[in-house]
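Protein chains: 2
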Amino acid sequence: MSPKITTELLKHLRQVMKNPRYVQEPVQAYIVPSGDAHQSEYIAPCDCRRAFISGFDGSAGTAIVTEQHAAMWTDGRYFLQAAHQMDSNWTLMKMGLKDTPTQEDWLVSVLPEGSRVGVDPFIIPADQWKRMSKVLRSAGHDLVPVKENLIDTIWTDCPQRPCKPLITLDLSYTGVTWRDKIVALRSKMAERKVMWFVVTALDEVAWLFNLRGSDVEYNPVFFAYSVIGMNTIRLFIDGDRMMDPAVREHLQLDSTLEPEFKIQVLPYGSILSELQAVGAGLSPKEKVWLSDKASYALTEAIPKAYRYLTPYTPICIAKAVKNAAETEGMRRAHIKDAVALCELFNWLEKEVPKGTVTEIVAADKAEEFRSQQKDFVELSFATISSTGPNGAIIHYKPVPETNRTLSANEIYLLDSGAQYKDGTTDVTRTMHFGTPSAYEKECFTYVLKGHIAVSAAIFPNGTKGHLLDSFARSALWDCGLDYLHGTGHGVGSFLNVHEGPCGISYKTFADEPLEAGMIVSDEPGYYEDGSFGIRIENVVLVIPAETKYNFKNRGSLTFEPLTLVPIQTKMIDVNLLTEKERNWVNEYHQKCREVVGAELERQGRHEALRWLLRETEPLARVQ
Amino acid sequence: MSPKITTELLKHLRQVMKNPRYVQEPVQAYIVPSGDAHQSEYIAPCDCRRAFISGFDGSAGTAIVTEQHAAMWTDGRYFLQAAHQMDSNWTLMKMGLKDTPTQEDWLVSVLPEGSRVGVDPFIIPADQWKRMSKVLRSAGHDLVPVKENLIDTIWTDCPQRPCKPLITLDLSYTGVTWRDKIVALRSKMAERKVMWFVVTALDEVAWLFNLRGSDVEYNPVFFAYSVIGMNTIRLFIDGDRMMDPAVREHLQLDSTLEPEFKIQVLPYGSILSELQAVGAGLSPKEKVWLSDKASYALTEAIPKAYRYLTPYTPICIAKAVKNAAETEGMRRAHIKDAVALCELFNWLEKEVPKGTVTEIVAADKAEEFRSQQKDFVELSFATISSTGPNGAIIHYKPVPETNRTLSANEIYLLDSGAQYKDGTTDVTRTMHFGTPSAYEKECFTYVLKGHIAVSAAIFPNGTKGHLLDSFARSALWDCGLDYLHGTGHGVGSFLNVHEGPCGISYKTFADEPLEAGMIVSDEPGYYEDGSFGIRIENVVLVIPAETKYNFKNRGSLTFEPLTLVPIQTKMIDVNLLTEKERNWVNEYHQKCREVVGAELERQGRHEALRWLLRETEPLARVQ
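Heads up: the sequence lines are chains D and F, in that order. If you read the first sequence in the working numbering, its first letter stands for residue 1, the second for the next number, and so on. If you read the second sequence in the working numbering, its first letter stands for residue 1, the second for the next number, and so on.
Keep in mind the hints are simulated off the structure, nothing from the lab. One or more of the hints may lead you astray.
[Said to hold, decoys possible] Pairs of lysine-lysine, DSSO-like flavour, derived with a Cα cap of 27 Å:
| no. | chain 1 | residue 1 | chain 2 | residue 2 |
| --- | --- | --- | --- | --- |
| 1 | D | K552 | F | K441 |
| 2 | D | K134 | F | K134 |
| 3 | D | K552 | F | K98 |
| 4 | D | K365 | D | K570 |
| 5 | F | K464 | D | K98 |
| 6 | D | K548 | F | K188 |
| 7 | F | K181 | F | K193 |
| 8 | F | K193 | D | K98 |
| 9 | F | K548 | D | K570 |
| 10 | D | K397 | D | K354 |
| 11 | D | K285 | F | K134 |
| 12 | F | K507 | D | K507 |
| 13 | F | K188 | F | K304 |
| 14 | F | K134 | D | K130 |
| 15 | D | K507 | F | K464 |
| 16 | D | K304 | F | K134 |
| 17 | D | K421 | D | K164 |
| 18 | D | K94 | F | K507 |
| 19 | F | K580 | D | K580 |
Predicted model only: the values in this text are computed from it and were never measured.
Bound conformation, chain D alone:
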């Protein structure tokens, strides 16, 4: 990896920062955040502006360029990568270290008095704008919105914004028509006494209209906004995608409909002016509902007194609770995914000893097996295929420079998943193709105990996910071990593999209470720098639990694993398991046998079936 040479680029950027064609008055600093106009986690190439200007292409980072300086804030995952990818024009600001200033404090320390700090108002979330603007203002500076994105003005070979065809999902996949989703949304709006709802997150637009796209890699979404009124529906979307007869039929664009279900299709770029028109026409007490993470530009389109901001939108919350059709789809997707992984692990067992299987080969093979399954669309994230010390890099992705060959002497960690038309998967298995050491088995078993503690937990209806996080760590903590990431995230249904508003983490960001139908991952781990990584991840469905008593009639919940891939018993030190834990493993493996075994049989994959049967032999009781 050699750093990107950015001297000319920065010179050019500093010119446009003063160019009256783009800025009313010169800006003394320009902020380049990571995101897109929808605050997406995964972004399209045309939105990788921070990577373009700096060379650093990790998933998180904010660049700030002043007349004298160029600085990059990123977190511990990316210190090394950022240092490698950026040239000496850049200062790396290591977030989380004591002496690293915040962006605001740094700006205050380097800017001349009365400076103007520019940012694209479509990229910066409103809550972040507010925080930053306050600090700058109190130091005598101004945060100003710069309408034209200044990076775009100098990015001559910027890729086009993707505009790929849409997929329509019928009732067998979604369980609820888009009309019924609109009705439910309007009833939530009526409850809160708001007249308008602005859909800004891409997965929320996709979910609402039962459409999918492929504008962003790994995320089956498409660039669009929507504004829902009590009697109107506006969809802001570009290209000839609305010419597709299947889409027109799906959205009933050519049917005679009650006016409140008639969808008005408008250009993607017209969202701001349309929203400003809505904002200008509001009568007193007519509120407009937005996510508090919506962009500053869209938030400002609505006069302050008329805004109704919440951290989670009603769509985000409704989307998290999967209905029967979605749940069944997720089950099917996970069975197919398990078939692919049984094939892969069987293949790896035979091939690894030959010394020709690298991390990249293994990742490709995993994709190949998955792509053979029905309704496969694409991967749901970049496969983490890591062996030995690479396994300890939590967000590792094999590239030629780091690509390591799998062997019988190292632990192999595979964290991978796919998008199927009926569901999204995400599974991690950690295995050894030789003989694991007693220490490796010990660590693996603690992680397994944590995985089981969450998976088998029974807890009251309404419990927030962060209250379960310590269950996953307790066995590790007892021995002085731990892992430095959360335990689980929400998973979409043929949507983003990471979604809100629920999760399992020691971080107590406002997570919504768990309820039956929600789907999260359960993925504790243990990582030893320079040596190995262990993680055991299932996607699990929140289901009602039967309990002996029922305090205050609240009801109880527990989890049902949707992922049905054997957990390598060779890695387990059975002596460290309680009887309850041993039974859990055996019952889990019994279910893998029955459910995935039947599918392997049906698909005629006999060798993988034999592998499955061998790998799911019950653990013997140890005295």
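Let chain D serve as the given structure and place chain F on it in line with the hints.
Relative to the frame of chain D, chain F by itself:
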């Protein structure tokens, strides 16, 4: 309980709300919060203004009186009591119920346009003022500070503010001199670049100067403020308490001292004008540190740009970490407390069958035994002595109207504690003087499992208490049971029995990470309305834990019980315990035997010693 007749009082209050002698312009509403000027949890009789105006004397509640209405907001613990104590002039606002408006929303709904809402700026915390003021302002009203407390103007027989003698604590109790505490505080101030620190909480003033008082029942504090500069110390305190030679000597008031340790004693009432003078004399960049819960009046004394507000003060955090002298004091206090409780339980066993022991008699007897112990000062809170259905009322305090007789047929719950000059105690034991039912034993055992899960937990340095809360509930959750309160609170060292900044609760209020030397309670429970209550509470000390490994060199922590009172084995269903849990009980009881047994022996309390020995027989293994 008959309600207080408030018609005349309210008439009178409404008059002063318009009287130019007290208000510049009439106020259309007046808020009467619960607290005192120090945001104390326990308050002196002269500060019980809300109880005076309404009749409702629960520990939490806010009254608002307008020209037409009088309304009282309180929480679920007090719905019944408030309804009984208030006459028909008052509307009860049940907090936590869906349809109950917030105070702000209610004010907006009842007030005429452009109203002024008055409140005593010394009683309302700054953060609450800010929240309330914002909502009122956006609805066209004004929140205004009313200097003279309007309740005090109509409260003709208001008790005097207490002004009791002080107790000086020498190094053997405190471990650190007040001078060294000032030095440490100033170094924290220097770290944050603040020039002044304002001590507003009563327990923080007491801790800082190694003084105690008895102005507030159960809390060994005295009314005072302090303002610490880098070179000055001001103590605001009334009465002739500073004439006491012991106090003068302790504070070195008559010694020749370096000027930066010279304490300037000022009248309690002069804090505002002195602080305003400090505020007026600040140079740029000179910040003043205040708790964000300090009163609006004191916060406003410092111009906004000069304020440095934090949720927890450096004193609050330093006070929470007990030094060796304090820890040893707490140990001694808990041994003495255990002696008193062994005496009590032995006495109860003999007396309860006679049918003459009521809840009040038992509480008084507990106090009597405690008062026989060395350095006993007073109780640390109102004893919760409750039998049968009264045990299910979590904040129960026996009064003649509810006083129930202990019997061999009901569970008895005693939650009590004391202030000794060397430490503060708080212990709950639940017992049966006859034969508990299988169900009662089952519930008790789940609570015990939760208690042990917290007490024996091993967790990394820096873990926040809320991450341990679920450990206390897991056994109950497995059976569909739970309890609706937190698991633990910080405990002062001969100070308030409830103190911040740490605790163990499902509520994720910003609690500070646990560290060795902190002291918290571990008190899970189970309550069945109308039937019984179970709680098992020890005060525990955070100590370093030895672990097999040491991830990232972070070190691990666990708890050591300071409370050493037998847990009634008769109530335990041994079949429900794991071997580890059984061992925990046996080792705990062994320690009670050794430590408390030796003290009982030393005090010649042979009958109580025999009771202790019998009650700490090891649990047998069950197959």
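Each hint tested on the structure:
no. : hint             : in the structure
1   : D:K552 to F:K441 : holds, 20 Å
2   : D:K134 to F:K134 : holds, 17 Å
3   : D:K552 to F:K98  : holds, 18 Å
4   : D:K365 to D:K570 : holds, 23 Å
5   : F:K464 to D:K98  : holds, 20 Å
6   : D:K548 to F:K188 : violated, 53 Å
7   : F:K181 to F:K193 : holds, 18 Å
8   : F:K193 to D:K98  : holds, 16 Å
9   : F:K548 to D:K570 : holds, 23 Å
10  : D:K397 to D:K354 : holds, 23 Å
11  : D:K285 to F:K134 : holds, 18 Å
12  : F:K507 to D:K507 : holds, 13 Å
13  : F:K188 to F:K304 : holds, 21 Å
14  : F:K134 to D:K130 : holds, 16 Å
15  : D:K507 to F:K464 : holds, 10 Å
16  : D:K304 to F:K134 : holds, 14 Å
17  : D:K421 to D:K164 : holds, 16 Å
18  : D:K94 to F:K507  : violated, 31 Å
19  : F:K580 to D:K580 : holds, 15 Å
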